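Asks: Sequence:
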Amino acid sequence: MERPVKLLLLSELRVRNVGHEVSLCRSLLTWKRRTFSPFRASVCHSVPVSEIVAVREEEEEDTKKEEEEKSARENGSWKKIRERRDKESRRLSFTVSYVERCRQHRWRCAHVTFTCPQVALCHRWVNTIGEQLAAISGRPTRLLVYINPYGGKRQAKRVYKQKVAPLFALAGVGTHVIVTEYANHARDHLREEAELEKYDGVVCVGGDGMFSELVHGLVWRTQKDGGVDVDGPQRTLIACSLRIGIIPAGSTDCICFATVGTNDPVTSALHIIVGDSQPMDVSSVHRDDTFLRYSVSLLGYGFYGDVLTDSERKRWMGPARCSVCQDNKTLLLGRAGVDQTDPKEDGDAEKAEAGWRSIRGKFLAINAASMSCACPRSPKGLSPAAHLADGTADLILVRKCSRVNFLRHLLRHASKDDQFDLSFVEVHRVRRFRFTPRHCHSDSDSDLELDPLEGRRQIFGQICRDHPACGCAPAFSSWNCDGEILPHAAIDVRVHCQLIRLFARGIEEAAMFDELAPACSA
Numbered sequence: 001m002e003r004p005v006k007l008l009l010l011s012e013l014r015v016r017n018v019g020h021e022v023s024l025c026r027s028l029l030t031w032k033r034r035t036f037s038p039f040r041a042s043v044c045h046s047v048p049v050s051e052i053v054a055v056r057e058e059e060e061e062d063t064k065k066e067e068e069e070k071s072a073r074e075n076g077s078w079k080k081i082r083e084r085r086d087k088e089s090r091r092l093s094f095t096v097s098y099v100e101r102c103r104q105h106r107w108r109c110a111h112v113t114f115t116c117p118q119v120a121l122c123h124r125w126v127n128t129i130g131e132q133l134a135a136i137s138g139r140p141t142r143l144l145v146y147i148n149p150y151g152g153k154r155q156a157k158r159v160y161k162q163k164v165a166p167l168f169a170l171a172g173v174g175t176h177v178i179v180t181e182y183a184n185h186a187r188d189h190l191r192e193e194a195e196l197e198k199y200d201g202v203v204c205v206g207g208d209g210m211f212s213e214l215v216h217g218l219v220w221r222t223q224k225d226g227g228v229d230v231d232g233p234q235r236t237l238i239a240c241s242l243r244i245g246i247i248p249a250g251s252t253d254c255i256c257f258a259t260v261g262t263n264d265p266v267t268s269a270l271h272i273i274v275g276d277s278q279p280m281d282v283s284s285v286h287r288d289d290t291f292l293r294y295s296v297s298l299l300g301y302g303f304y305g306d307v308l309t310d311s312e313r314k315r316w317m318g319p320a321r322c323s324v325c326q327d328n329k330t331l332l333l334g335r336a337g338v339d340q341t342d343p344k345e346d347g348d349a350e351k352a353e354a355g356w357r358s359i360r361g362k363f364l365a366i367n368a369a370s371m372s373c374a375c376p377r378s379p380k381g382l383s384p385a386a387h388l389a390d391g392t393a394d395l396i397l398v399r400k401c402s403r404v405n406f407l408r409h410l411l412r413h414a415s416k417d418d419q420f421d422l423s424f425v426e427v428h429r430v431r432r433f434r435f436t437p438r439h440c441h442s443d444s445d446s447d448l449e450l451d452p453l454e455g456r457r458q459i460f461g462q463i464c465r466d467h468p469a470c471g472c473a474p475a476f477s478s479w480n481c482d483g484e485i486l487p488h489a490a491i492d493v494r495v496h497c498q499l500i501r502l503f504a505r506g507i508e509e510a511a512m513f514d515e516l517a518p519a520c521s522a
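In the working numbering, the protein residues as written are 1 to 522.
The set of hints was computed from the structure by calculation and includes no laboratory data. These numbers come from a predicted model, not from an experiment. All residues carry an ideal CB built from backbone N, CA and C; glycine is no exception. Hints may be right or wrong, so weigh each one.
The list that follows gives simulated cross-link-like pairs (lysine-lysine, DSSO-like), each with its CA atoms no further than 30 Å apart [what the hints assert, rightly or not]:
| hint | residue 1 | residue 2 |
| --- | --- | --- |
| 1 | K153 | K224 |
| 2 | K153 | K400 |
| 3 | K157 | K198 |
| 4 | K380 | K362 |
| 5 | K416 | K380 |
| 6 | K153 | K380 |
| 7 | K163 | K198 |
| 8 | K224 | K198 |
| 9 | K380 | K163 |
| 10 | K198 | K161 |
| 11 | K163 | K153 |
| 12 | K380 | K400 |
| 13 | K416 | K400 |
| 14 | K400 | K362 |
Across the chosen pairs, the derived CB separations fall in these ranges [what the hints assert, rightly or not]:
| hint | residue 1 | residue 2 | range |
| --- | --- | --- | --- |
| 15 | K400 | K157 | 45 to 55 Å |
| 16 | E193 | E484 | 16 to 26 Å |
| 17 | K400 | S137 | 50 to 60 Å |
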């Protein structure tokens, strides 16, 4: 059985109530616990200074002092108490708060308290650690925070107040908090009103939709200040200087899963505090030289577009609407004729039309993933190998197949099976692509000829659109752009390499978490 012992280091510093040796170097704060176990050697704990959250001196609470003085007066031991207190006043303690890794990619804020025999020594330790923290570039000192009180389970305000705000206060990070009152409130404020020069970053407390608002507002503001016309799909956009932080409080939070590995708000807050920086691609979506939207995760046509259309009608159900709509949609598959082009992988997105290649056919789903799009329901995501910041997107084409085969493809997203190892699924890594639905082309395209039954369904599709019982399928689907419906089907998409940066560091290796204690509580 292990028994902690008190040890002195350099005859000056010791840990309160536990046996540790402590040393501080330029990059690490290290302490060592000695045990009497014959089967286990001493365990050395090292924390990079970059992952120290804060250091603070500890003082005796005033209420405790008053109670002790009152009791001393009553029993006549006031003189001895004063003598002991004068002696102990020369001893102070300080607490170091730091990042501790738990299972499932979660972080928590841990604390270790040290006592010093002299006040001057305590001040010297605190000042030394504080100076090293201040010398770390990239740590935010002032943040603009937007809270969406309506997203997900409507817990964003509670999550921020109880779990995030105390950590920001502990780390000395100043905040200006705005609770949004309507859709696109954060986007509009960033575009026109926010004094961005006062802040080191912007933070959203909500779901992926709230993050999309911040991206649209910040990217638009950056281009406006730089004199870039966003309506030109050929234009090279200016990268944003401010980083974006995400405190997950939505329905799926796939952005957090793809960049951190978990949707834990404490973990995200600690990534912001330590000043992590993860570049990220952003795709611009245009139609006829007119800007429509930016996309950071998924552009989906066909299945996922139709799922979103149904989901919007069931928004009153909250997060449960995602499951209901997906379960229903597996029985309501349509078809689409597509003319899709993308540049060669080793080519330039600005090359002439001759450098592009065209793919035509009937598809049940067309998805462009700029990241893995992982979430609790799909641990690997739609495209596990998609890179966050290489200037490309994975274009996934699911050709016409039976409903059973398409269901097999969908079920593989929730398992360890390769969802692309199917004859009707193909993936292209692209820097840019254009999509044109069949109804924009001549009926003479032999590859896209429809059978008589299908032609009749297209003719009567508009009439019967509101009456699904008749069995008519719509002529074309809608685009799902990061959870928002695009009003146009024919689009031009270009990936802009590392246009934004997040307060994140990517998903760390699982080996860093496997041998740790059980998962932290939320």
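Asks: For the pair supplied as a hint, K380 and K362, confirm whether the alpha-carbon distance does not exceed 30 Å.
Replies: With a Cα-Cα distance of about 27 Å, the restraint between K380 and K362 holds, given a limit of 30 Å.
Asks: Is 50 to 60 Å respected by the C-beta to C-beta distance linking K400 and S137?
Replies: Holds, since K400 and S137 (Cβ atoms, about 53 Å apart) stay within the stated range.
Asks: K153 and K400 were given as a pair; does the straight-line alpha-carbon distance stay at or below 30 Å?
Replies: 36 Å, violated
Asks: Is the hinted pair K163 and K153 satisfied, with a Cα-Cα distance of at most 30 Å?
Replies: 16 Å, holds
Asks: Keeping to a limit of 30 Å between CA atoms, is the pair of K380 and K163 held or broken?
Replies: 28 Å, holds
Asks: Does K400 pair with K362 here, judged by a C-alpha cut-off of 30 Å?
Replies: Measuring from Cα to Cα gives roughly 6 Å; hence the hint holds.
Asks: Given the hinted pair K224 and K198, is their alpha-carbon gap at most 30 Å?
Replies: Distance of about 18 Å is within 30 Å: holds.
Asks: Within a Cα-Cα threshold of 30 Å, do K198 and K161 meet the stated pairing?
Replies: Holds: K198 and K161 sit about 23 Å apart, inside 30 Å.
Asks: For the pair supplied as a hint, K153 and K380, confirm whether the alpha-carbon distance does not exceed 30 Å.
Replies: Distance ~24 Å between K153 and K380 Cα, so the pair holds.
Asks: Just to be sure I understand the hint, the distance between the Cβ atoms of K400 and K157 should be within 45 to 55 Å; is that true here?
Replies: This hint holds: roughly 46 Å between Cβ atoms.
Asks: Tell me if the straight-line CA distance from K416 to K380 falls inside 30 Å.
Replies: 8 Å, holds
Asks: Could you say whether the range 16 to 26 Å given as a hint is met by the Cβ separation of E193 and E484?
Replies: 23 Å, holds
When the structure is compared with the earlier hints, violations turn up for hints 1, 2 and for no others.
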